[in-house]
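Each chain, letter by letter, is given below.
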Amino acid sequence: MQNNPFSIGYLDVAAAFKRHALIALLAWQDIQQRYRRSALGPFWLTISMSVMIGAIGLVFSQVFKVPTHDFLPFIAIGIILWTFISNVILEGCSGFIVAENIIKQLPIPLFVHILRMVWRNVLILGHNIVIFPLVLIAVGKPLGLIALLSIPGFILATINLTWVALILATICARYRDMPQMVGSLIQVTFYLTPIIWMPKTISAHVSAYLLDLNPVYHLLEIMRAPLLGTMPTTTNWLVSLAMAVVGTIFSLAFYGNYRRRIAYWL
Amino acid sequence: MARIEFNNVSVDFPIYNANGRSLKNHLLKVATGGQLNTDQQGRVMVRALEGLTFTLQDGDRLGIVGHNGAGKSTLLRLLSGVYFPSSGTVKVDGEVGSLIDISLGIDHEATGRENIYIRGSLLGLKKAVINRHIDEIIEFSELGGFADMPVRTYSSGMHLRLAFAVSTIVHPEILLMDEWLSVGDEGFKEKAKLRMNDLVYKTNILIIATHSKEQLLQTCNRAIWLEHGKVRMDDDAATVAAAYFDKKP
Numbered sequence: 001m002q003n004n005p006f007s008i009g010y011l012d013v014a015a016a017f018k019r020h021a022l023i024a025l026l027a028w029q030d031i032q033q034r035y036r037r038s039a040l041g042p043f044w045l046t047i048s049m050s051v052m053i054g055a056i057g058l059v060f061s062q063v064f065k066v067p068t069h070d071f072l073p074f075i076a077i078g079i080i081l082w083t084f085i086s087n088v089i090l091e092g093c094s095g096f097i098v099a100e101n102i103i104k105q106l107p108i109p110l111f112v113h114i115l116r117m118v119w120r121n122v123l124i125l126g127h128n129i130v131i132f133p134l135v136l137i138a139v140g141k142p143l144g145l146i147a148l149l150s151i152p153g154f155i156l157a158t159i160n161l162t163w164v165a166l167i168l169a170t171i172c173a174r175y176r177d178m179p180q181m182v183g184s185l186i187q188v189t190f191y192l193t194p195i196i197w198m199p200k201t202i203s204a205h206v207s208a209y210l211l212d213l214n215p216v217y218h219l220l221e222i223m224r225a226p227l228l229g230t231m232p233t234t235t236n237w238l239v240s241l242a243m244a245v246v247g248t249i250f251s252l253a254f255y256g257n258y259r260r261r262i263a264y265w266l
Numbered sequence: 001m002a003r004i005e006f007n008n009v010s011v012d013f014p015i016y017n018a019n020g021r022s023l024k025n026h027l028l029k030v031a032t033g034g035q036l037n038t039d040q041q042g043r044v045m046v047r048a049l050e051g052l053t054f055t056l057q058d059g060d061r062l063g064i065v066g067h068n069g070a071g072k073s074t075l076l077r078l079l080s081g082v083y084f085p086s087s088g089t090v091k092v093d094g095e096v097g098s099l100i101d102i103s104l105g106i107d108h109e110a111t112g113r114e115n116i117y118i119r120g121s122l123l124g125l126k127k128a129v130i131n132r133h134i135d136e137i138i139e140f141s142e143l144g145g146f147a148d149m150p151v152r153t154y155s156s157g158m159h160l161r162l163a164f165a166v167s168t169i170v171h172p173e174i175l176l177m178d179e180w181l182s183v184g185d186e187g188f189k190e191k192a193k194l195r196m197n198d199l200v201y202k203t204n205i206l207i208i209a210t211h212s213k214e215q216l217l218q219t220c221n222r223a224i225w226l227e228h229g230k231v232r233m234d235d236d237a238a239t240v241a242a243a244y245f246d247k248k249p
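Those protein sequence lines, which keep their order, are chains R and H. Sequence positions in the first sequence follow our numbering and run 1 to 266. Sequence positions in the second sequence follow our numbering and run 1 to 249.
By construction, these hints were calculated from the structure, which means they are not laboratory data. Heads up, a few of these hints could be off.
One side only, chain H facing chain R, incomplete, derived with CB under 10 Å [to be verified]:
no., residue
1, Ala-110
2, Tyr-154
3, Thr-168
4, Leu-217
The list that follows gives simulated cross-link-like pairs (lysine-lysine, BS3-like), each with its CA atoms no further than 30 Å apart [to be verified]:
no., chain 1, residue 1, chain 2, residue 2
5, R, Lys-141, H, Lys-191
6, R, Lys-18, H, Lys-213
7, H, Lys-213, H, Lys-191
Beta carbons are placed, not taken as given, at the ideal position from N, Cα and C, and that holds for glycine.
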């Protein structure tokens, strides 16, 4: 029982959750380290994000000829959430590689390093998300109760991102050119996903391919749509939920299968 | 009660050259149907440990001797649970603590106090435990007013004293060491020695890799001599010390 891949994976993950205090401490440490000795500290995250959103929002509302009060909130939340999604996936690739020192010295559950990275990005998201209400105020748009639905959406999306990160971290520890491949894939996904363009601007039969077959779109929608005052579709929910269940089970077995060799690969 | 059981344990290291690590090459190898395998094996295996069998019980003070590359560090990593054996079984009953690389996790931009929490948490200490010990740690490491300064402003002596003070707070049942820890100037050395002796005295099983004959004879009651990953000799410390250190030119 102790030696089948699934239970090895499960035990490691369960043990990692028990070290939540360590995870929180290390993740916060990561953020502080980046902004130590700067007067505004982590709020530089917020400022640089605002500058980017402002610039892209103003330029592209002109390009697409859509009114700013619709477009600015759309692009603001889109870019904020996309930054979260892409960073978790990209940093997932180096999840074990950057923790080599610790992995080779201390018998800490390896999943701790993945959770540390995910939690770090949640904290960064927390700093970035404050821009969104400011944008809403600026364009005079209200935030309805429906926005609360984005919380379960966020949790479900994070579960999905975490298992993807776990698998990528394992593969990238072994194959070192994998991160580059993931990097370019992420870049392509950014343009294929409605972040700087609005879904309604493309024709119906194109959207069937670009939207329904794009897993990132579903994950984005369950977080974004409620914040923009619309319900995510049932398809959005079902796809995200199915991916979370299947992905979690698969990733535990996959990770468990290689768990014991990761230290040798680093 | 602590107990360690090694049964025919071997460890193989896969060595990946730049080629072996690339997915492209891996795919190409599959595509060319293993031809590459015949003249150039993609994976080179290095056998770091071979056929280790031994049992340790409460009260055992094991010294590991051997030349560089004999497998001492690999053995310590197996014991700490970082590595898993390629074949054979390793059974470790009891909580393992390690005093190898005591500076691991120290962040130079963070203050001494923050680092005590980071390092302590990495070692598995609860926040409440660190809270209870923090004044003692700061006092022991003689940091004084520097406790709330970034570690990058520390002298190397202060740095080591801090790392030492935090790392020796834990009292594991099984203690691993790579060479005896001795830090600081004369005054601190004495203090550190007392603390180490106390730590070693309280631990159930001690395992130390060492190059020093005096240390081996002083601390250990049993020794294993590793050579090329195999046990060359496993006996009481005096016998092994005599054989190993006298053989040396």
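Verification of the supplied hints:
1. Ala-110: 7 Å, holds
2. Tyr-154: 16 Å, violated
3. Thr-168: 16 Å, violated
4. Leu-217: 28 Å, violated
5. R/Lys-141 / H/Lys-191: Judged against 30 Å, a Cα distance of about 67 Å means the pair is violated.
6. R/Lys-18 / H/Lys-213: 42 Å, violated
7. H/Lys-213 / H/Lys-191: 23 Å, holds
In the structure shown, a violation is registered for the earlier hints numbered 2, 3, 4, 5, 6, in ascending order.
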